[in-house]
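Sequence order for the protein chains is A and B. For the first sequence, full-length UniProt numbering assigns the number 1 to the initial residue and increments by one for each residue that follows. For the second sequence, full-length UniProt numbering assigns the number 1 to the initial residue and increments by one for each residue that follows.
The set of hints was computed from the structure by calculation and includes no laboratory data. Careful: at least some of the hints might be erroneous.
You can't tell identical chains apart in this list, so a pair holds if it fits in one copy or across any two.
As the list claims (entries may be wrong) - The calculated lysine-lysine pairs, modelled on DSS-like cross-linking and capped at a C-alpha distance of 27 Å, are:
{"no.": "1", "residue 1": "K177", "residue 2": "K70"}
{"no.": "2", "residue 1": "K70", "residue 2": "K210"}
{"no.": "3", "residue 1": "K51", "residue 2": "K188"}
{"no.": "4", "residue 1": "K160", "residue 2": "K70"}
{"no.": "5", "residue 1": "K188", "residue 2": "K199"}
{"no.": "6", "residue 1": "K210", "residue 2": "K51"}
{"no.": "7", "residue 1": "K177", "residue 2": "K51"}
{"no.": "8", "residue 1": "K95", "residue 2": "K210"}
Number of protein chains: 2
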Amino acid sequence: MNVNPVQLFDVDSSTFSYILVADDNTSAVIIDPVERHWQRDLAHLERLGLKLAYVLETHAHADHVTSAGKLVDVTGARAAVPSGCGIMPAEVQLKDGDVIRFGADERIEVLHTPGHTAGSVSYVWRGNVFTGDTLLIDGCGRTDFQSGSSQALYDSVIGKLFALPDTTRVWPGHDYKGQSVSTIGWEKRHNARLANRSKEDFGALMAALKLPKPILMDIAIPANQNLGLPHGA
Amino acid sequence: MNVNPVQLFDVDSSTFSYILVADDNTSAVIIDPVERHWQRDLAHLERLGLKLAYVLETHAHADHVTSAGKLVDVTGARAAVPSGCGIMPAEVQLKDGDVIRFGADERIEVLHTPGHTAGSVSYVWRGNVFTGDTLLIDGCGRTDFQSGSSQALYDSVIGKLFALPDTTRVWPGHDYKGQSVSTIGWEKRHNARLANRSKEDFGALMAALKLPKPILMDIAIPANQNLGLPHGA
């Protein structure tokens, strides 16, 4: 049975957030929520009649601020984050292979997929993978800051994400071209940066990108390591 | 089992298009595709490994041009449209109660829901309803052109859409506030225009709106009545 998430978009930062609805229609999990949309996202949960069980982060974002802390405060949900991202206030610190349970019978598996940042994870749920900034549609996240490593990203994608079944649906953390979803099979065959490329080639390609620093980075990373809440609050 | 569509967005006209994936992962239907995104939408179908069975329209749109004709030409899919919308080149002309079948076991039921336009329909599939411009999240479509009627829209929403189960997920044709999905139960209780309002009140409210004419209207309606293809082509 094909079960998809509800995909939400932030136009300013081209960020996707996702609501995963339990099959028993009682509860949900949100992945990578964006600060300025916290009321919109609560309204979605209310309209769908769902209790928020967890707020998950794929990593400490550099381009937008999370609403995780706010959602936790308002709903009583638990924040669950990658243990390697320095997000200290989160109740649950996740490591590779951990399983998050919600609803009557939902299992989300944690895959540690470093490369965009050293702590980045992906989440696997019912034939879907939420890849954050590790694997994008026909691309991948940058690897030049926050302990990023093109070598690690290559190993994460080729060794872990491309080992998932070809029909697995890929839901990225961003898209800048209006694209929404892909599959592992398509990315294995066609991804412009990673398909049919050696680790050396990939490293050279990433080193040549010379990307500007994200405008919000110096604000966003410390804020996100505090779940988006003001420090000292 | 909760099965959601893939929801796609056009930023220019705030239009949602939807891909409904058959459970056997072989084929799909697209609802209300937008002209300028036809290549994006084909790429989605290719990435998901799906053959396009049908292109559906909820009505002849006034604010954007459809890619239906283009998608039919390129993929061999069939266009299925409401019989009351004057979209003459479409192979299948739908009426209330018709059922569209695709994949091994998929059924889409057609509900004639006039009011935004006289021909408008909604589509019901696996606990989801695609309401076009009849019912929006916390609102509804305008009723002041294209044989629109606030009386007819009221009867469509109260009599047909609100008769669906409360848990039915509502996927609108547009949203202008970043909202994505609602439920029949929530709209029955809270919709700002239609919840707990008499037909007379609703008529007065709609008559007082005095909305400007859509910029693209004189181009879009004739184009959409030809499935978005150039006339004489």
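Hints and how they fare:
1. K177 x K70: between (30 Å within a copy, 20 Å between copies)
2. K70 x K210: neither (35 Å within a copy, 39 Å between copies)
3. K51 x K188: between (36 Å within a copy, 20 Å between copies)
4. K160 x K70: Neither: 32 Å inside a chain and 38 Å across chains, both beyond 27 Å.
5. K188 x K199: The answer is within: 14 Å in one copy meets 27 Å, while 56 Å across copies does not.
6. K210 x K51: Neither, since 43 Å and 39 Å both go past 27 Å.
7. K177 x K51: between (32 Å within a copy, 23 Å between copies)
8. K95 x K210: neither (31 Å within a copy, 57 Å between copies)
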